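> Chains A and B supply the protein sequences, listed in that same order. To convert, take the position in the first sequence, counting from 1, and add 167; that gives my numbering. To convert, take the position in the second sequence, counting from 1, and add 3; that gives my numbering.
Note that these hints are calculated values from the structure, not bench results. Quick caveat, the model's predicted, so the values are computed rather than measured. Be aware that a few hints might be false.
25 Å max Cα-Cα, derived DMTMM-like pairs, lysine to aspartate or glutamate [what the hints assert, rightly or not]:
no.	chain 1	residue 1	chain 2	residue 2
1	B	Lys249	A	Glu233
2	A	Lys391	A	Asp351
3	B	Lys249	A	Glu633
4	A	Lys267	A	Asp246
5	A	Lys645	A	Glu563
6	A	Lys201	B	Asp226
7	A	Lys198	B	Asp222
8	B	Lys249	A	Glu195
9	A	Lys279	A	Glu243
10	A	Lys274	B	Glu143
11	A	Lys198	B	Asp139
12	A	Lys271	B	Asp222
13	B	Lys249	A	Glu243
14	A	Lys326	A	Asp204
15	A	Lys326	A	Glu195
16	A	Lys247	A	Asp197
17	A	Lys273	B	Asp226
18	A	Lys201	B	Glu210
19	A	Lys209	B	Asp226
20	A	Lys467	A	Glu633
Label pairs and their in silico Cβ distance ranges [unchecked claim]:
no.	chain 1	residue 1	chain 2	residue 2	range
21	B	Ile90	A	Asn349	44 to 52 Å
22	B	Val156	A	Val211	22 to 30 Å
23	A	Lys209	B	Trp224	20 to 28 Å
24	B	Val156	A	Tyr208	27 to 35 Å
Computed footprint of chain B on chain A; a stretch qualifies when at least three of its residues, placed anywhere within it, have a C-beta under 8 Å from a C-beta of chain B [stated by the list, open to error]:
no.	stretch
25	173-183
26	190-196
Using N, Cα and C, we set each Cβ at its ideal position, and we do this for glycine too.
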Amino acid sequence: MRPYVFVIALFVIYLVLALQLGRVQILEHDKYQKLADRQHYKRVEIPAHRGSILDRSGKILAHSIETHSIYANPQEIEDKASVSEKLASALGLDVSRIQKVLDKDKKFVWIKRDVGKKEVQAVEELDLAGVDIQQEGRRSYPCGKLLSQVLGFVDVDGKGLEGLELAFDRELTGRPGYKVVNRDGKQRVIFKTENPCIPPVNGDNIVLTVDLALQYILEEELDKVFEHRKPLSATAIAMDPATGEILALSSRPTFDPNFFTLSSADQRRNRAITDSYEPGSVIKPLVVSGVLQQGLISSKEVIFCHNGVYQIGRRTLRDVHPYGNLTVEEIVVNSSNIGMSKVAAKSGDKGMYEALRLFDLGRPTGINLPGEAGGMLRHYKKWTSYSGASIAMGYEVTATPLQMITAYCAIANGGTLLKPKIITATVDGGDGATKKLSERAPGRQILARDVAAGVMTPVLTRVVDEGTGKSAAVEGYKVAGKTGTAKRIDTTAKGYGNAGYVSSFIGYAPADKPRICVLVMVNKPSGGAYYGGTVAAPVVGEILRRSLNHMESIAGLSDGSGINKKTI
Amino acid sequence: MRLTDPSGLIICLVTALLGIGVLMVYSSDWASSMGIKGDGSAALIRHMIGLLIGVGIAVGIVWLGYWRLEPVIIAYILLGLAAVGLILVLIPGIGSIHGGARRWIRFGALVGFQPSEFAKLSMILFLASWASKNRDRMHELVRGFLIPLAAVVGLTGLTVLEPDFGTATFMAILGMMVLAVAGARWVYMAITLVVTAPVLCVLVYLEPYRMKRLLAFMDPWGDSSGAGYHLIQSWIALGSGGVIGKGLGAGYQKLLFLPESSGDFVFAVLGEELGFLGAFGLMMIFGLLTWQGLRVALMAKDHYGRVLSLGVTFMLGYQAAFNMAVALGCVPTKGIALPFISSGGSSVLSSLVAVGLLLSVARRYESEAVFVGRPWHQEMRGGGIVEPRPVRLSLGRKTSINRKMRRR
Numbered sequence: 168m169r170p171y172v173f174v175i176a177l178f179v180i181y182l183v184l185a186l187q188l189g190r191v192q193i194l195e196h197d198k199y200q201k202l203a204d205r206q207h208y209k210r211v212e213i214p215a216h217r218g219s220i221l222d223r224s225g226k227i228l229a230h231s232i233e234t235h236s237i238y239a240n241p242q243e244i245e246d247k248a249s250v251s252e253k254l255a256s257a258l259g260l261d262v263s264r265i266q267k268v269l270d271k272d273k274k275f276v277w278i279k280r281d282v283g284k285k286e287v288q289a290v291e292e293l294d295l296a297g298v299d300i301q302q303e304g305r306r307s308y309p310c311g312k313l314l315s316q317v318l319g320f321v322d323v324d325g326k327g328l329e330g331l332e333l334a335f336d337r338e339l340t341g342r343p344g345y346k347v348v349n350r351d352g353k354q355r356v357i358f359k360t361e362n363p364c365i366p367p368v369n370g371d372n373i374v375l376t377v378d379l380a381l382q383y384i385l386e387e388e389l390d391k392v393f394e395h396r397k398p399l400s401a402t403a404i405a406m407d408p409a410t411g412e413i414l415a416l417s418s419r420p421t422f423d424p425n426f427f428t429l430s431s432a433d434q435r436r437n438r439a440i441t442d443s444y445e446p447g448s449v450i451k452p453l454v455v456s457g458v459l460q461q462g463l464i465s466s467k468e469v470i471f472c473h474n475g476v477y478q479i480g481r482r483t484l485r486d487v488h489p490y491g492n493l494t495v496e497e498i499v500v501n502s503s504n505i506g507m508s509k510v511a512a513k514s515g516d517k518g519m520y521e522a523l524r525l526f527d528l529g530r531p532t533g534i535n536l537p538g539e540a541g542g543m544l545r546h547y548k549k550w551t552s553y554s555g556a557s558i559a560m561g562y563e564v565t566a567t568p569l570q571m572i573t574a575y576c577a578i579a580n581g582g583t584l585l586k587p588k589i590i591t592a593t594v595d596g597g598d599g600a601t602k603k604l605s606e607r608a609p610g611r612q613i614l615a616r617d618v619a620a621g622v623m624t625p626v627l628t629r630v631v632d633e634g635t636g637k638s639a640a641v642e643g644y645k646v647a648g649k650t651g652t653a654k655r656i657d658t659t660a661k662g663y664g665n666a667g668y669v670s671s672f673i674g675y676a677p678a679d680k681p682r683i684c685v686l687v688m689v690n691k692p693s694g695g696a697y698y699g700g701t702v703a704a705p706v707v708g709e710i711l712r713r714s715l716n717h718m719e720s721i722a723g724l725s726d727g728s729g730i731n732k733k734t735i
Numbered sequence: 004m005r006l007t008d009p010s011g012l013i014i015c016l017v018t019a020l021l022g023i024g025v026l027m028v029y030s031s032d033w034a035s036s037m038g039i040k041g042d043g044s045a046a047l048i049r050h051m052i053g054l055l056i057g058v059g060i061a062v063g064i065v066w067l068g069y070w071r072l073e074p075v076i077i078a079y080i081l082l083g084l085a086a087v088g089l090i091l092v093l094i095p096g097i098g099s100i101h102g103g104a105r106r107w108i109r110f111g112a113l114v115g116f117q118p119s120e121f122a123k124l125s126m127i128l129f130l131a132s133w134a135s136k137n138r139d140r141m142h143e144l145v146r147g148f149l150i151p152l153a154a155v156v157g158l159t160g161l162t163v164l165e166p167d168f169g170t171a172t173f174m175a176i177l178g179m180m181v182l183a184v185a186g187a188r189w190v191y192m193a194i195t196l197v198v199t200a201p202v203l204c205v206l207v208y209l210e211p212y213r214m215k216r217l218l219a220f221m222d223p224w225g226d227s228s229g230a231g232y233h234l235i236q237s238w239i240a241l242g243s244g245g246v247i248g249k250g251l252g253a254g255y256q257k258l259l260f261l262p263e264s265s266g267d268f269v270f271a272v273l274g275e276e277l278g279f280l281g282a283f284g285l286m287m288i289f290g291l292l293t294w295q296g297l298r299v300a301l302m303a304k305d306h307y308g309r310v311l312s313l314g315v316t317f318m319l320g321y322q323a324a325f326n327m328a329v330a331l332g333c334v335p336t337k338g339i340a341l342p343f344i345s346s347g348g349s350s351v352l353s354s355l356v357a358v359g360l361l362l363s364v365a366r367r368y369e370s371e372a373v374f375v376g377r378p379w380h381q382e383m384r385g386g387g388i389v390e391p392r393p394v395r396l397s398l399g400r401k402t403s404i405n406r407k408m409r410r411r
């Protein structure tokens with residue numbers, strides 16, 4: 168009887184084990200399959216190639232170069248001391264520093280980023296467990312400082328931090344792919360099989376409106392004035408008035424995005440869009456065209472300018488040169504403050520406000536760049552009795568250089584306010600399809616052709632021909648433009664003390680059929696000269712001259728006959 | 004011998020188990036040996052050496068006859084040798100440390116020997132011999148229980164010192180079962196159990212690692228990367244195998260996820276590669292083997308042969324169950340090998356010696372049955388056929404087998 172007891176007991180045990188076996192293998196199969204997959208397979212990311220940034224003709228402004236980085240999993244390294252020693256000699260690093268990194272309680276640490284081929288080979292030859300090489304993309308900006316503030320830069324992980332790199336980070340980054348690798352119980356990758364592998368979708372290329380040649384010209388001229396006048400900062404923009412495309416844009420001081428860590432925030436600032444200034448006299452054409460458009464005044468109306476000194480309330484206005492009777496046109500040509508204050512008085516606060524609202528002042532232009540400021544234009548109900556006169560002269564209102572040039576382009580192109588554009592297209596990183604971005608934004612007709620082309624352009628031409636902007640003249644072209652000299656607000660004392668001036672000029676050429684509009688703004692030039700006509704206008708003239716020459720030669724080259732003429 | 008005879012079936016079943024064992028050892032140890040030593044065949048060679056020696060010894064036993072081991076003096080010698088082996092393994096320099104315990108006596112890199120495997124067999128042989136010699140006095144306290152118990156306790160105690168708590172526990176249970184079938188009284192065993200239970204608890208409590216293992220067994224997920232790791236990896240292997248498995252050689256858990264994938268956890272590898280069908284099939288094979296062992300025991304007409312065949316049958320059947328229970332998480336993790344299958348050499352060797360003893364018993368009585376045409380118990384039932392050879396039938400009164408035979 169006894170043997171049966173033990174045999175039956177054993178069979179009962181087998182039955183219980185079989186039930187447990189069934190539970191684990193059949194009922195809980197899915198659960199354990201999931202756990203098994205999790206520890207057997209590892210998704211390894213295949214980084215996507217970050218897209219390039221190109222100028223309008225396809226020249227490279229920013230691109231990514233394949234490079235390698237060395238990383239380690241400290242938990243897989245047994246003899247940390249010897250591994251650190253070997254790595255140190257292979258990579259030319261400090262032993263104690265590597266040791267310190269390896270002592271961290273982490274599964275992933277970088278040993279060295281962006282290493283050369285020799286170092287990669289050296290580490291490969293060491294063949295250390297837990298140390299591996301990762302392919303990466305290093306961002307490179309072949310044009311150095313050119314357009315740096317617009318382009319921005321990326322961090323060491325390839326993430327956009329500023330400028331277009333930040334604004335279009337998603338498009339540029341693409342989507343990383345992944346492959347699945349098998350791991351063994353010690354977390355080592357053991358063999359590759361026909362595991363699922365999703366290739367990465369490379370980032371899109373971005374095609375800018377910027378013309379590298381014009382950008383070079385503009386920056387060279389900007390450098391000259393920055394060197395010569397030693398201002399706090401300087402900004403220049405070139406725009407195509409017909410389309411609103413930015414052809415060139417830069418600020419000083421500047422930096423090289425290849426070495427962005429060496430730069431200061433001040434150098435990286437894209438002042439053309441982030442800083443708003445009181446524009447000074449350059450606002451006068453906007454005010455006048457605005458009130459003309461509203462029919463509040465006529466361009467030929469004669470206004471007495473009090474021979475240079477005029478009292479409004481407790482304030483005394485002065486003109487640089489005393490004037491008697493001037494027409495509204497002549498007030499702009501001569502940039503008479505007294506005349507403008509009387510225009511403002513005639514138009515009324517609401518008229519003045521509406522005039523500037525036409526140009527969207529006080530509102531960001533909506534350009535595809537991060538950190539754009541919108542300037543300030545207070546509602547007329549909040550104005551004081553002096554506000555109208557102040558605003559007519561370009562004070563109590565602020566605008567970014569980009570807003571100002573955009574407004575001027577509306578005058579230049581016959582009255583259409585366009586949205587400024589920096590990007591024309593993106594080229595899909597996957598299939599190479601070009602996608603045009605916002606097929607020429609329609610723009611808004613804000614001024615009648617009569618006002619813009621009929622009155623304002625001739626007036627602005629006279630500014631350059633006979634008024635304050637003579638030094639912006641370009642031989643062989645009719646240039647239209649306006650100077651500005653604004654007192655800077657003294658932030659230490661209240662009001663406008665001796666904080667210097669903002670000298671600016673905005674001009675376009677050829678006046679009757681403008682191809683390019685250029686703004687130059689010099690913030691607090693030193694060394695005596697501060698008039699916009701003296702400091703900024705010659706720079707605009709030079710940029711216009713060289714740019715137009717360049718455009719002519721390009722047009723001539725593309726036109727069959729031109730080749731012969733130029734080359735022979 | 005016919006295929007339906009116990010010996011024929013036992014040979015078939017054991018051959019199947021050995022075949023599965025060789026396959027699983029090759030499959031499960033290949034990857035880990037490759038990863039660690041760069042030589043994938045070391046474990047397999049060791050296993051094959053153990054297997055061949057085991058087959059040789061088994062054939063020798065069948066050839067010579069198990070009854071040559073019956074004299075008590077031989078049993079004492081075997082017992083002594085087992086004790087010496089267990090003491091030697093404790094001496095540093097002789098016993099080699101594996102997993103924190105001295106369980107092996109190694110000769111060179113390839114050949115090793117686990118004294119506790121030998122001790123199990125010696126214990127069964129001694130108890131059988133003792134029971135046979137004292138078959139009329141097995142119900143007594145001293146002769147029938149305490150003296151044989153002393154041998155069991157001695158071997159078990161030495162095994163605990165290695166430390167090999169699992170094997171020691173198993174040996175103690177096995178010893179009690181053999182005593183039970185040899186005719187010792189239930190009451191004594193019940194009292195022993197009551198007395199030793201607290202001792203076991205204290206032993207577990209005193210060793211922190213045992214306590215930790217016990218806690219991990221209760222809640223493996225609480226420390227899934229520490230003490231619970233082994234069990235969870237075993238479950239993952241079995242669970243991911245599903246009903247039909249991943250295919251022979253296609254298991255993944257043996258790639259250093261499972262500890263001792265070719266040894267104590269070879270059942271998990273088998274379950275992963277051959278699925279529920281394979282693992283359940285293996286259980287069935289061990290079940291059938293146990294059944295055939297019982298048939299042999301019932302056939303045996305001498306007390307020594309009967310106790311011996313039951314002892315080795317329990318050793319194989321219960322050890323397989325113990326090993327599977329560990330892999331399934333039904334008992335705390337212990338280093339108990341799966342007979343015939345786990346790698347290492349010693350285990351397959353001792354399992355084959357056990358089978359040799361079983362076959363020897365079977366052959367003795369089968370040959371008599373063949374002589375008269377039918378197995379003896381059927382003849383008894385049919386009545387009338389005279390025993391061809393005198394076999395001592397006047398066995399101890401208390402043994403169950405005798406009682407049954409008398410009823411018939």
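> Indicate, hint by hint, whether the structure satisfies it.
Results of checking the hints against the structure:
1. Lys249(B) / Glu233(A): This hinted pair is violated, its Cα atoms lying about 41 Å apart.
2. Lys391(A) / Asp351(A): Not satisfied, since the Cα-Cα distance of roughly 64 Å exceeds 25 Å.
3. Lys249(B) / Glu633(A): 92 Å, violated
4. Lys267(A) / Asp246(A): 13 Å, holds
5. Lys645(A) / Glu563(A): Since the Cα atoms of Lys645(A) and Glu563(A) sit roughly 32 Å apart, the hinted pair is violated (cutoff 25 Å).
6. Lys201(A) / Asp226(B): 19 Å, holds
7. Lys198(A) / Asp222(B): Answer holds: Lys198(A) to Asp222(B) is near 17 Å, not above 25 Å.
8. Lys249(B) / Glu195(A): 16 Å, holds
9. Lys279(A) / Glu243(A): 18 Å, holds
10. Lys274(A) / Glu143(B): 66 Å, violated
11. Lys198(A) / Asp139(B): Outside the cut-off at roughly 57 Å; violated.
12. Lys271(A) / Asp222(B): 30 Å, violated
13. Lys249(B) / Glu243(A): Violated, at about 29 Å.
14. Lys326(A) / Asp204(A): Given that 25 Å is the threshold and the Cα spacing comes to 31 Å, the pair is violated.
15. Lys326(A) / Glu195(A): 43 Å, violated
16. Lys247(A) / Asp197(A): It is violated: about 39 Å lies between the C-alpha atoms, which goes past 25 Å.
17. Lys273(A) / Asp226(B): With a Cα-Cα distance of about 20 Å, the restraint between Lys273(A) and Asp226(B) holds, given a limit of 25 Å.
18. Lys201(A) / Glu210(B): 35 Å, violated
19. Lys209(A) / Asp226(B): OK: Lys209(A) and Asp226(B) at ~22 Å, within 25 Å.
20. Lys467(A) / Glu633(A): 18 Å, holds
21. Ile90(B) / Asn349(A): 44 to 52 Å: For Ile90(B) and Asn349(A) the Cβ distance comes to about 46 Å; the hint holds.
22. Val156(B) / Val211(A): 22 to 30 Å: 57 Å, violated
23. Lys209(A) / Trp224(B): 20 to 28 Å: 22 Å, holds
24. Val156(B) / Tyr208(A): 27 to 35 Å: Violated - the Cβ-Cβ distance for Val156(B) and Tyr208(A), about 51 Å, lies outside 27 to 35 Å.
25. 173-183: Result for this restraint: holds, n = 7.
26. 190-196: It holds: at least three residues are needed, and the stretch 190-196 of chain A offers 5 whose Cβ sits within less than 8 Å of chain B.
Checked against the numbered hints given earlier, this structure breaks hints 1, 2, 3, 5, 10, 11, 12, 13, 14, 15, 16, 18, 22, 24; the rest are met.
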